[in-house]
Each structure stands twice: as C-alpha cells, then as structure tokens.
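> Read off the chains here:
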Amino acid sequence: MIRILDRPLLHFGLAAATVLALPLLLRSGTLASEILIYALAVAACNLLLGYTGLLSFGQGIFFGLGSYVAGLLLLRTPLPVPAMLIVALLAGAATAAAVGWLSIRRQGVYFVMLTLAFSQMFYFLAYTFSGLTGGDNGLLDVPRPALAGVPLSDPWSYYAYVAVLFLGLFAALQRVALSTFGRTLLAIRDNEARARAIGFPVRAFKVAAFAISGAVTAVAGALHAMLIGVAPLSNIEYHTSETLLIMTIIGGSANLFASVLGAAAYLVAGDLLSAIWPRWLLLLGLILIVIALFLQRGLWGLIERATALVSRRPVSEDSAPDRPALPAEEPQP
Amino acid sequence: MSAPASTSRAPHADPLLATEALGVRYGSFVALKDVTLRVRANSVHAIIGPNGAGKTTLFHALTGRVRAATGRITLAGRDITRVPDDDRVRLGLARSFQVTSLFATLSVRENLRLAAQGRTPWQALAPWRGVTGGTTALATAEEMLERLDLTRVALRPAGEMSHGQQRRLEVGMAMAARPRVILLDEPTSGMGTDDIGTMTALIRDLGRDHTVLFIEHNMGIVMNISDTVTVMRAGEVLVEGEPSAVRDDPEVRRAYLGNMITGDLR
Amino acid sequence: MTYLFQILNGVGLGMLYFLLAVGLSIIFGLLQFVNFAHGAFYLLGAYLAYEMVERGASFWAALPLAALAVGLLAGLTEAVLLRRIYKQPHTFHILVTVGLALVVQEFVIIVWGPIGGNLPAPEALSGVVILGDFVYPEYRLFVIVFTAALAAALWWLLESTRLGAIVRAGSESPENMALLGYDTLRINTAVFALGAGLAGLAGALAAPIRGVEPFMGVEALSIAFVVVVIGGMGSYAGALAAGLVVGIAQSLMATLWPEGARLVIYLGMAGIIVAMPRGLFGRA
Amino acid sequence: MLHRRAFLTTTSLAAASLAAPGLLRGARAAETALVVGVPLPISGAFAANGKFAAMGAALAAEEAGAALGRKVVTRDIDTEGKPAPAARKVQEAMGEGTRLFAGGILSSEALVMGKEVAKGGGVFFTTAGADEITGQECNRGTFRWSVPTYGAIAQTVRPLIEQMPQAKRWYTITPQYVFGEGLLTAAKAVFQEKGIEHVGNSYHSLAEKEFSGYLTNAIAAKPDVLLILNFGSQSSDTLRQAVSFGLKKRMTIVLAWASGLEQFEALGPDLCEGVYFGAQYWHGVDAPLNKALVAKLRETRKMSPNYSFAASYLLTKLLIDAATKAGTTEGPAMIKALEGLTYAGLTGEEEIRAADHQVIKNYYLLKGKAKSAMADKDDFVDIVGSGKSFLTPEAAGCKMT
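In the order they appear, the protein sequences are chains A, B, C and D. The opening position of the first sequence corresponds to residue 1 in this note's numbering, with each subsequent residue numbered one higher. The opening position of the second sequence corresponds to residue 334 in this note's numbering, with each subsequent residue numbered one higher. The opening position of the third sequence corresponds to residue 600 in this note's numbering, with each subsequent residue numbered one higher. The opening position of the fourth sequence corresponds to residue 884 in this note's numbering, with each subsequent residue numbered one higher.
Isolated chain A, as found in the complex (with noise of 0.2 Å):
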C-alpha cells in the first residue's frame, strides 16, 4: 500500500532519468557534472538530516577534505583516480565518524552549535596549514587523468564518469536508507528515547550514519576537484556546509531523490539568477523564508501536492514520513 510516490524504484529512475535528461537541458557539461556531484553530497547531507533528524553545519568539512584528498594524492602521488576516490571515501569516514562521536554527545541546538564549531575549527586548520592544503590560494592544478585511456578532460566526458559513480552511490545510499540500519535511523529520527528504550545503541547507530554521510560527501568533494582543477578553501568553508544544508531542506527530507532535485533547483537557479541580476541572493533569501513558512517538505513537496492534484487524492500533511506528526513526548490527556 506504499504510494506510488514513495517507491524507491521510482526515486531511481528519477535519478537516472535526471543523469540522461541533463546534458539535453543544458549546454554545459560542466554545470552538468556539478549537478551530480552536488546532488550526492546532498543526498549525504539528507542521510543525517532526514533520516536520522541530524541538522549538521560539519557537511563542508567532508566535501573540503574530499578536495584535498584529491590534490594532493593527484598532484604528489601516482594513484589512479579510483584509488584516490577509496582514499577519499575512508577519509571521509573517518574524519565524519570522530565529528559525529563527538557532536553526537549533545543534542538539539547544542549538537548544531558544536558542528557549527568543528566546522570553523577545520576551516581555519586548513587555512593555517597552508603547507599542506594550499592556504587561501587551494591546491591548483588537480589533474583530470584519463582513465583507461579514455581522457576525461572534455566536460562530457568527465559527466558520463560522474553520472556513473553518481549512479552507483545513489543507489548505495538508497539501500542504506531501506535497510533495517537505515529504518532504524527513522526510528531515532522520531522517537530517540524510544529507540534507546527498545534497546538499540543510538550513538553507534547515529556515529554510523555520519560516517556513511561523510564518506559520500568527501567522494563528491574529491570529484568537484577533479571538475574545477583545484581544491580551493572555500569547499572546506562553513559556507559550503550551510549550502548543502539549504539545498537539501529546498529538496525536501522525504526521500533521497528529493536532494537530486534541491541541488539541480539551487544550481540551475542560482547560476540564471546571477547571470540576470547581482543582487540574486535577495530572492534567494525570499524563497528559503517561504519555503520554511508555506513547503515545508519542500520542491518534492510541491510534486506531492500537484500529483495529489491530478490523482485527486488529498495528500496527508499528517503522514509526511519527515515530520512527527505527534509530538511524541506531549502528555496527553
């Protein structure tokens, strides 16, 4: 009795269809490519956000160190791409892991406050070891090598590459996500003293999903390195956190493919909305106040309600799977 609109199948085909629909909407395969490699990072970011109820400001910190990671094995060691990319995803892993074992420790808005603090601490770790990370100019020249001899440098190219690693973790993050692990994060998300209550070990579980989040997130950040050529510091800045973090709550929490469509929304838009006018951050900050007052599940929201419209079936705002809909710790009469 799943509706149609929450099949996991479904949010797959969207995926690949939004992969084959691309390069025939735009005329930039580099645009393209950044679609995608948001998207995932994106969909990471959702792992926490909407599965697991985490609002986390540390997401940029994985997609700087997935940059990194890529400049500098790219750059001073031999190791193809996808061994790079394994590094990337451990580090990744691990690095979220230990942010998230000690975030984790405080709930509510001292959980965001404290990722919010990591997230300035890496920045600025990054911005004094320059010897490392490049400093303020970034790691340049990060190479885009071919691979099995098939190069990668034209922008189409390097898009096929990325749609099929986007394709792959997309769908990884999908079976993370039908699990029993990841229906166990649903539970936290809803109901955390319950979910401890029936005996599972939240913080394992809450450790697990950042580590799973990071790994996907500094993947994405390696290959947006490879994209542009460089791992600048701003990929490591609290800015980009709190980018990811608004594409995915434009998406929508509801399910993975909804953070396809908060990444394509916001880029497309903001890359229109800057070549017509400077001060484009305005409506931005317009749209974001609506979306929080009037669609609170989001663009995918929006789909819900215009199929609802078409099928004629109301819609419950009251089974919206990324909103308790009873306050579980209100006493009742």
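There could be a bad hint or two in this list.
Said to hold, decoys possible - Derived EDC-like pairs: lysine to aspartate or glutamate, alpha-carbon spacing no greater than 16 Å straight-line: (1) Lys1092/D with Glu818/C; (2) Lys1271/D with Glu1232/D; (3) Lys1002/D with Asp154/A; (4) Lys1252/D with Asp1265/D; (5) Lys1092/D with Glu858/C; (6) Lys1219/D with Asp1204/D; (7) Lys1002/D with Glu1213/D; (8) Lys1051/D with Glu1080/D; (9) Lys1132/D with Asp732/C; (10) Lys366/B with Glu353/B; (11) Lys1051/D with Asp1107/D; (12) Lys1002/D with Asp141/A; (13) Lys1132/D with Asp1107/D; (14) Lys1219/D with Glu1234/D; (15) Lys1252/D with Asp1153/D; (16) Lys366/B with Asp581/B; (17) Lys1105/D with Asp732/C; (18) Lys1260/D with Glu1156/D.
Said to hold, decoys possible - To be clear about the criterion: a stretch of chain A counts as covered by chain D if any three or more of its residues have a C-beta under 8 Å from a C-beta of chain D, and this derived list gives those stretches: (19) 137 to 144; (20) 223 to 232.
Simulated from the structure, these hints should not be mistaken for laboratory data. Here the structure is a predicted model, which means the values were calculated and not measured. All C-beta atoms, glycine included, are put in the ideal place defined by N, C-alpha and C.
With chain A's structure known, arrange chains B, C and D on it following the hints.
Chains B, C and D alone, transformed into the frame defined by chain A:
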C-alpha cells in the same frame, strides 16, 4: 472478573528483578530513597502510590534511563546497576511509557518490528541488509499484531491511530522485545471503559508467560490481577504485600487509598 | 606590560561582544529560537546610524534611534513571520532566519551600495587617553562605560521588573508563562524586539570603530554564537562573562599567537559544549 | 554535440522554461560577435570591485565596437569571489566558444581561472595581486597588469625611507597568506638594505576585522612608521582603528597596497589625510590614454574612474586590440600578439614582458590631503612618486612551459 492469576509460585524463590537500597537524585532533590524491591519470576507485581511518589522514577532507574545514586539493581542475580539502558533490553528488561512514546510517522508493524529488533540491535547496524533479512523480528511483529488486535491497522502510521490503539501498541512494543520482565507504566492511562477491559485482559494474559511489573492508578485492576502490590510514597516503599493485605493495611488506607478509591475495591 | 594593556583592550572588545550576544541569548532563552538573523540586525543598526549621521543628525540622537528602529522592525518581523514557526523543528528556524539575513544584507547593498562607509566618532570623543606608553581611544572608553551602564540597566530590567520576572520564568519553563496567564504572544514579540534592538545598538555603537560595510553582520553573528555558547544559552551573566573572556582572549592572542586566534576560539567553543554543555553560566 | 544543438532548436520553446541557463545566453550572438568574458565577483563580499570592473570592460567593448564597426560584447561572469564557481563558469564560457577573459580580482580565483583558460587554449588577463600569477604558477595563457608585491614595496617603502631619514623604526601588520608574505619579505629586504630597524610584525588571519590588539602591540614597539600590508576592507579597518588610537599623530602610517579611489571614498578624507598609500592606479595620472578616459567618464557618467574600472577597461581594450591584430581569438595567435607588446597605457608607456607575461608599468606613492585642499570630491590624494620596479622573471620564479 475472576480470581488473581493462579500460576502459583514458591513464596521464597529468588526474585527475578530486585533492588537493594536504591536511591535516585535529581540535583539536590531526592526522588528515590532506600527502595528495596523483590519481583518474583512469573508474578504480576503492581506499584501504586500518589503522584510524585517516585513510581516512574523507579522505572527509569530499573531500565537505566536515569542513573542510580545509591544501591544496586539485579536481574536474575546479575548486577545491572551500571549496565546502559539499551543493554538491559538484551538482558530481558522492556518497558512501556506512561505518556505514549511511539515512532509516530512509522507504520504500526514497523513500530513492532523495531521493538522486536531491539533484542539484536547490532544486526540492524548493517546498512546493506534489507528488512526481509530480519525475518525473526518480522515474525514477532506479525504475532504481536494479532495478539494486540492491530492487524487491521498494521500499515497506518502509529501517530494516526486512536488513543486506545496507541496504548495497546505502547504495551505491545514492550512485549515485542520478548523480555523476561516487562515494565508497564500506567498502561490504562487515559483509556475509556471498553479499552480498559481489553487492556486488563492483556496484562493478565501477559502474566502467564512473563514477569510483569506495572504502575497503575486504577485500583480495580490492581486488586484484580496482581500477585504482589508495592505501595510507594515520597520516594520510599510504604508497604509491600498481597493485594488483600495491602488493601486492609491501616496505614495504606489512611495515607493513600482512603482518598483515592471510590468504591471500586472488588 | 603589553599583556596588561592587551587585557584592558580586551575588556573594551568584550563589552561590545556582550552587547552583541546578550540579545541572541535572551531570545534563545525565552523562545528557544535560534536566530541566524541576529547579525543582520547588527548590520541594520550600524547602517541606520550611519545614514542618520550622514544626513546631519548628531551621533547621540542616531544611536538610540537606530536601536529603536531595529527593535521595531524586528518586533514587526516577529509578529508577522517568525511566530508562525516557533513550534516547528529548529531546521525551519534556521532556514527562515538565514533567509531573512540574506534579504537584509542584499537590501543594504541595494540601498547603500556594496562599498562600505565611515562613521566618525563624535567630536567630543575623537581623542585618545594616554596612560604611560599605552594609548586608548576615548570613544572605546566611552563604549566600555556606556555598555557597563547598559548592562546594569539590563540587569535591573531582568531581575527587578515584571517583564524580567516573566522572561526568567519563561526561560526556565516555557509552559510556566502560559500557565501564569500572560499574553505570551505579546511578550514574545517584546522580547524579540528587545534582543534585536540590542543587536542594532551594538551595530550603531561599533560603527565608529569598525566602519560600516554590508558583510559586517556575518562576522558579528559568528562572534555572537561563540559568546552565547561559551556563556550558556539564555544566560545573562554568561553572556557578560563570555563576552569578556572572548574579548580578552582575542586581544591576548594578538600578542601570543595571532595566527591561531580563531582556531583557539572555536576550539574553546567546541570544548565548552562537549565538557560543559550549559556553558559557564547556563541553567542546568 | 550536434544532436544536442538540433534538439535545442527544435524543442526550444518547450525546453525554454526548464533549460533557461543554457538558452538565455545568446548562443547565436557568440558566433558572430567578438566576445570578452569578464569573470568578476559580481555578488559576494567583493561585489564593489566587480561592479566597477564590469562597467569598465563594457565601456572598452563599446568603444572598440564603434571603432571597428564590428559587434564587440562583454560577457559578465559572476565568480562570487570564490574559486569554485569561477573555475566552473569559466569552463562553461569556454565550452561556448569564449576564448578571451579579462577579470579576476582575488588571487585565489584568478590563479584557478588562469589555469582553466590556459588549459582550454584561451587568454586570461588579470589584475589580481598574487605574485604566483607571473611567478611560480605562471603559464602561457595568463597575463597580469598589476605590479607584484616586490614593486609595490620598492615604490613605497624605499622612497619613504629616503624622504624620512630620521624614521628608523618600522612596524608591520601582515595578513598571513602568500600575498602578505610577499609584501613582508620584500619590505624586510629593503629594511635590511637601508639599515632600518624592523621593530615588530603582527600576523593576522584573512577573517580578521578587529585590529586593536595588533595596534596595541605596535604602540608598545614605539615605531616611527606603521606599515600596513593587508588590503581591501581589512586595510580600511586597520587604518580606521589606527587613526582612532591616535597613531597618526605618533607615527607615519603607510598603506602599501591600497585600492585607490573606491577605498578613499569608503574611508573619507579625514582618515586619509597625511597617510601614504601605494596604488596601482590613480585617475590623476598624467598619461594621454588616462586623460581621455577621465574626461570621457566625467562627461558621460559624472564619475572618476577608480582602479577596478580603469584596469578592467584597459585589459579588455588590450584583448580586443590584440584579437583584431591577430585576426582570431585563439590562444597561440593571441599570445603572440600580446607578448612583448609596448603600448600607451593608463600609466604611461607600458610593456607586456614576454618571459613571464607581466606588464611593466608604474606603481604610485600617494599621500592623502586635507579635505579643505581637495579640488573636487574625488581629489583625495597627491601623487608623491612613481616608478617601475620588477624582479626578473627568473627571480620571480616563472618557468613558462
């Protein structure tokens, strides 16, 4: 209603769950003081007392949600005073909450499946394992659905059910962990008369294959189905004994029952 | 000797940080609301004071007027916008205030342009005080005295008035306020306006020191967060103590290890949350 | 590529709403007109520079278009002041056929864009400050107009030491990254050569806004001269706070890398008075091209050109001229046309050095004047000195490949 559950036990058998001079403090406030409790295996044990007597705090301490400041807790002879809350579930201790505490957006079946999975939570830490893999948990969930008469609403989000259904699910979540001791915190709270009957039957039924420790304000139920009653007041145990003995205890009458019971002592 | 002067200078900085953070702290304490637009109110206060002085008003008139205007604007924003989402998860608090901050910042750029401006300190305070080798601007000295007086007034407001009692009761338990029968909606608006007005005042007060530029709110917000977290969210005394700690630490680091100043501040912030989550003075 | 184009034309109406970013930019215009990409921070913290630079580039294109009788357009690219969008959008522009780029205000974005453009066989002309652009990170496709740190120090610190022989104690405030290090290293070399006592230095981070702590350090060191080596709003903050600490009366203040008119406008004449500034450009410079530009701008827009405007104007003009001469916009021919070029620039005669693509031009030492002495609202400073000082390409570390 008939006589108390009649699975008779040796009166001096070792208790399954016990506390020894248990104390809990919230800051400078002493919530529990010197509580010594013996819960015999396969008994139905009620805890009663006025609001603020420390009943729920006792549950919190038993399940590890709050830390004991003094004293110790044993489960089947094993000291569990320092065992974290989630580990106590694996040792066979499960509870329900006074205020319904469900996974509101998840389906009823999923609530029960999760509760069953809580016995083997590390298996669930596998991000690659699908839910069909955990068939034992699913089977338990199905069994509970039937036992709780919730099969019809198995796919509805728990938060959308009626209050009575939610209370049943609340108890069912504790049952799904297949615990040795099941702790129920005011299982009938806020229920209508019909629902209370169903719940009473359910608890009595539970008493056949579990050890039940429950907090209850409805004296009818307490007197009807309990083997032992502990009366608490101001964080301390006032009296402990069989229902009839407790009912007739003059101090209990004076301190508590007199102004609580409205002729429902059957 | 330099250290002593750095500490003195740090006190001056710290008082400004206190003023910047205390509003954020009060708002959080009462409303459990994470206000990412706090820096925007600081920015707006600075620009309003700048505009008034540019148009010939005296700084002494511009200072309270800017604060008042920001407070009114914030109260209005609270009443039409923010109160709708108090009950929503923090995610949406953050989203709406981040959006608001962007709108204010871009609005400032549209009205006043992307280039900043200079707001001179009032003539009477444009000199310096000389203490041996140490030089200190009179205006900064004024900021210390003014903020100290304001801190005392605020203390009185929170400790000895009815509004203060309500705010304190509300901070301890939000249900209290409704139970006591107060008009929570109006009190929320008043407190939000007060908190934002204080940020606006801090902005106007800081303008002669820092000048005005459209991105000053971003830095102010991060400092305010650090101070509030270290002091304890919702704690008045904590904001004062933490403001001073951060100000003095920053000033001392300028001599000790300038490169690491920020790193140390954020390390301290993370350490405080992990070790003592309620901050130095937060209520348990 | 072909089928994509075809698809776009046949379904353009239906797709327009979805594919606006790809379609809105005149793809057809790009094929006939001469396009100069202008990658600048149009939004973000450096939007002020971006705004004027975009105007300058547009003016150059307009003039060239009229002179050549050919459509010449600039294409604004918003880098947001960050390397990632800068690199991505420059890649995109190259994908759509743009080969000439004039822009890049911040070092980090300019370095990245230079690499991208060179990789794609285009030409990138920038005003960014980082020495690496024509030093260690130099490449065939990148040209830089602004004088590197060595020349900035040589044309400010050196003449001031000569002018003020009694000022023996200097204190420096330096942002801690490559650019700041470049200025500091050059300054230290001059101090050593001239027997100046460097009584102290304060490093600060790029995010710093509060300088009172560093100023307290500086006061304690009792210098005769305070040399401020940061730039942009940080140097404005440093100067503003230094003046409030009464340092103007106690020592000479030198700001080695000022942005010129836009910075003076933000600071106001009172703060600028008596302070020495080093600058790449000043609209009062006595050079024919500059005079023409100033006259034209005052007449048409009632403004004086600032550094961002003027530099961007000149870079765009140089690229258009070279493209006209070469008859193509493709990299190799453009590079050939630009290398070694000597021309009458905004600062007098300027030369593009072939070995490292550095423009050899003047750097100016300015001194703020009193408000009462200002001839018009833009007349903030007098030119005290100027000259050309450059390291050899080898000393700058440029190995062109």
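> If a hint holds in the structure, say so; if it does not, say that too.
We went through each hint and held it up to the structure:
{"no.": "1", "hint": "Lys1092/D with Glu818/C", "verdict": "holds, 8 Å"}
{"no.": "2", "hint": "Lys1271/D with Glu1232/D", "verdict": "holds, 11 Å"}
{"no.": "3", "hint": "Lys1002/D with Asp154/A", "verdict": "holds, 11 Å"}
{"no.": "4", "hint": "Lys1252/D with Asp1265/D", "verdict": "holds, 7 Å"}
{"no.": "5", "hint": "Lys1092/D with Glu858/C", "verdict": "holds, 14 Å"}
{"no.": "6", "hint": "Lys1219/D with Asp1204/D", "verdict": "holds, 13 Å"}
{"no.": "7", "hint": "Lys1002/D with Glu1213/D", "verdict": "holds, 12 Å"}
{"no.": "8", "hint": "Lys1051/D with Glu1080/D", "verdict": "holds, 6 Å"}
{"no.": "9", "hint": "Lys1132/D with Asp732/C", "verdict": "holds, 14 Å"}
{"no.": "10", "hint": "Lys366/B with Glu353/B", "verdict": "holds, 10 Å"}
{"no.": "11", "hint": "Lys1051/D with Asp1107/D", "verdict": "holds, 7 Å"}
{"no.": "12", "hint": "Lys1002/D with Asp141/A", "verdict": "holds, 10 Å"}
{"no.": "13", "hint": "Lys1132/D with Asp1107/D", "verdict": "holds, 11 Å"}
{"no.": "14", "hint": "Lys1219/D with Glu1234/D", "verdict": "holds, 14 Å"}
{"no.": "15", "hint": "Lys1252/D with Asp1153/D", "verdict": "holds, 9 Å"}
{"no.": "16", "hint": "Lys366/B with Asp581/B", "verdict": "violated, 25 Å"}
{"no.": "17", "hint": "Lys1105/D with Asp732/C", "verdict": "holds, 9 Å"}
{"no.": "18", "hint": "Lys1260/D with Glu1156/D", "verdict": "holds, 14 Å"}
{"no.": "19", "hint": "137 to 144", "verdict": "holds (count 4)"}
{"no.": "20", "hint": "223 to 232", "verdict": "holds (count 6)"}
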